[in-house]
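Line by line, the protein sequences give chains A and B. FYI, this note's numbering numbers position 11 of the first sequence as 11, with every residue one higher than the one before it. FYI, this note's numbering numbers position 9 of the second sequence as 9, with every residue one higher than the one before it.
These aren't lab readings, by the way, just hints derived from the structure by calculation. Beta carbons: idealized from backbone N, C-alpha and C, even for Gly. Incorrect hints may have been included.
Said to hold, decoys possible - So the derived label-pair ranges between C-beta atoms look like this:
#1 V5/A / S12/B: 27 to 35 Å
#2 P18/A / T20/B: 43 to 51 Å
#3 Q17/A / F54/B: 23 to 31 Å
#4 G40/A / V84/B: 40 to 48 Å
#5 E17/B / D74/A: 41 to 49 Å
Unchecked claim - Residues from chain B shown here face chain A by an in silico Cβ test under 10 Å; the list is partial:
#6 Y37
#7 F105
#8 P107
Claimed, not checked - Partial pick of chain A residues on the chain B-facing surface, computed with a CB cut under 10 Å:
#9 P8
#10 K11
#11 E14
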Amino acid sequence: EAGVVQSPRYKIIEKKQPVAFWCNPISGHNTLYWYRQNLGQGPELLIRYENEEAVDDSQLPKDRFSAERLKGVDSTLKIQPAELGDSAVYLCASSSREGTSGGAAQETQYFGPGTRLLVL
Amino acid sequence: AQKVTQAQTEISVVEKEDVTLDCVYETRDTTYYLFWYKQPPSGELVFLIRRNSFDEQNEISGRYSWNFQKSTSSFNFTITASQVVDSAVYFCALSEANYGQNFVFGPGTRLSVLP
């Protein structure tokens with residue numbers, strides 16, 4: 001089974017330029033996540049989709065970041081315009097509900113290889 | 001609020017030594033899930049284990065074992081007879097059932113296994 005696919009793997013841009021990242025989740029996974037991982041830190045959630053609906057975008061800097069998942073499958077994350085502080089690895093993950101245990105659903109997130117962004 | 005602490009920033013061991021990575025969590029929920037992920041130099045986060053708050057049984061998988069103790073809010077990870085290929089950054093993560101499926105990751109522990 002193919003894992004989460006992300007492209008590009010690396011991107012170098014100058015500040016104020018736009019940039020877009022693409023993610024294709026594991027087939028059948030209805031939940032998709034975008035994370036940002038700064039150097040030496042753990043990933044931080046930017047946005048979570050359930051099918052095509054963004055159910056949590058509270059951590060997404062909406063002045064410059066946008067995301068879409070139009071058909072509930074693949075997704076695009078965009079930054080416009082990019083700033084120096086946006087340099088990070090952008091990770092995509094997907095999950096599906098695996099039944100219940102103790103009355104609550106549990107989901108394991110599977111991650112793609114990430115896109116490493118450098119803003120100069 | 002959710003919080004995950006991994007107090008060990010970096011650990012170095014010599015091959016074949018055992019090593020334990022610590023994870024301490026904070027949660028206000030009674031139903032939650034704990035995870036460990038491995039991030040090798042290639043960058044991809046690899047899922048290792050999930051444990052729910054109702055199951056305090058320890059688990060062993062090959063050279064890996066996990067010790068979940070609700071009394072101390074800890075979910076520690078031990079690698080027995082470490083190998084060079086175990087060198088990576090290891091992340092502990094917490095997900096609260098009543099707050100969606102959002103993960104909170106710890107800062108990670110960088111493990112270096114020297115030949």
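Hint-by-hint comparison with the structure:
Here the CB-CB span from V5/A to S12/B is close to 34 Å, well matched to the stated 27 to 35 Å. Look at P18/A against T20/B: about 45 Å separates their beta carbons, and that is inside 43 to 51 Å. Taken as a hint, the range 23 to 31 Å is violated for the pair Q17/A and F54/B, whose Cβ atoms sit roughly 49 Å apart. For the hinted restraint 40 to 48 Å between G40/A and V84/B, the CB-CB distance of approximately 22 Å leaves it violated.
For E17/B and D74/A, the hinted distance range of 41 to 49 Å is satisfied, since their beta carbons lie about 43 Å from each other. Interface restraint check: Y37/B against chain A, minimum CB-CB distance 8 Å, threshold 10 Å, status holds. Look at F105/B: its Cβ gets to within about 3 Å of chain A, closer than 10 Å, so that hint holds up. Interface hint status for P107/B: upheld, as the beta-carbon distance to the closest one in chain A is roughly 5 Å, under 10 Å.
Proximity of P8/A to chain B is violated relative to the hint, the smallest CB-CB distance being about 13 Å (cut-off 10 Å). Here the hint on K11/A is broken, as its CB sits about 14 Å from the closest CB of chain B, past 10 Å. Given the 10 Å rule on beta carbons, the hint for E14/A is violated: about 23 Å separates it from the nearest Cβ of chain B.
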